[in-house]
Amino acid sequence: MQRDKCEYCEGLVEEAVRRVPFRYKKETIYVDNVPVRVCRRCGEVYYEAVYKKLEKIAENRKQIKSKVTFPLGDYRMADAQ
34 MQRDKCEYCE GLVEEAVRRV PFRYKKETIY VDNVPVRVCR RCGEVYYEAV
84 YKKLEKIAEN RKQIKSKVTF PLGDYRMADA Q
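Numbering (the working numbering), first residue to last: 34 to 114.
No lab work stands behind these hints: they were computed from the structure.
Ideal Cβ positions, reconstructed from N, Cα and C, are used throughout, including at glycine.
The calculated lysine to any residue pairs, modelled on SDA-like cross-linking and capped at a C-alpha distance of 20 Å, are:
#1 LYS95 - PHE55
#2 LYS100 - PHE55
#3 LYS38 - ALA49
#4 LYS100 - TYR57
#5 LYS38 - GLY76
#6 LYS100 - GLU88
#7 LYS86 - ILE97
#8 LYS59 - LYS86
#9 LYS85 - THR61
#10 LYS58 - TYR84
#11 LYS98 - PHE55
#12 LYS85 - ALA49
#13 LYS95 - ARG52
#14 LYS86 - LYS98
#15 LYS98 - TYR63
#16 LYS86 - VAL64
#17 LYS58 - LYS89
#18 LYS38 - VAL78
#19 LYS59 - LEU87
#20 LYS86 - SER99
#21 LYS86 - VAL71
DEER-style ranges, computed between Cβ atoms:
#22 PRO68 - SER99: 18 to 28 Å
#23 LEU105 - GLU43: 27 to 37 Å
#24 GLU40 - PRO68: 11 to 21 Å
Throw the hints in and build the complete structure from the sequences for me.
This is the structure in structure tokens:
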């Protein structure tokens, strides 16, 4: 297991598997089970070893069968109350 220090906060960076957002041609897709490296202190995610594979998935996004929906709040809602 590779352990390095975060380039932003010097925290410990560890390997993890996450659902990650990936922006491609003005569209965001979410990809499950992506091996990444994550800082335990600040949460910074490092994708360097998987970027090309994420790009390939995004290029073939029409083949993706699963959809995820989630509530979307508006920051301005806090001022309206």
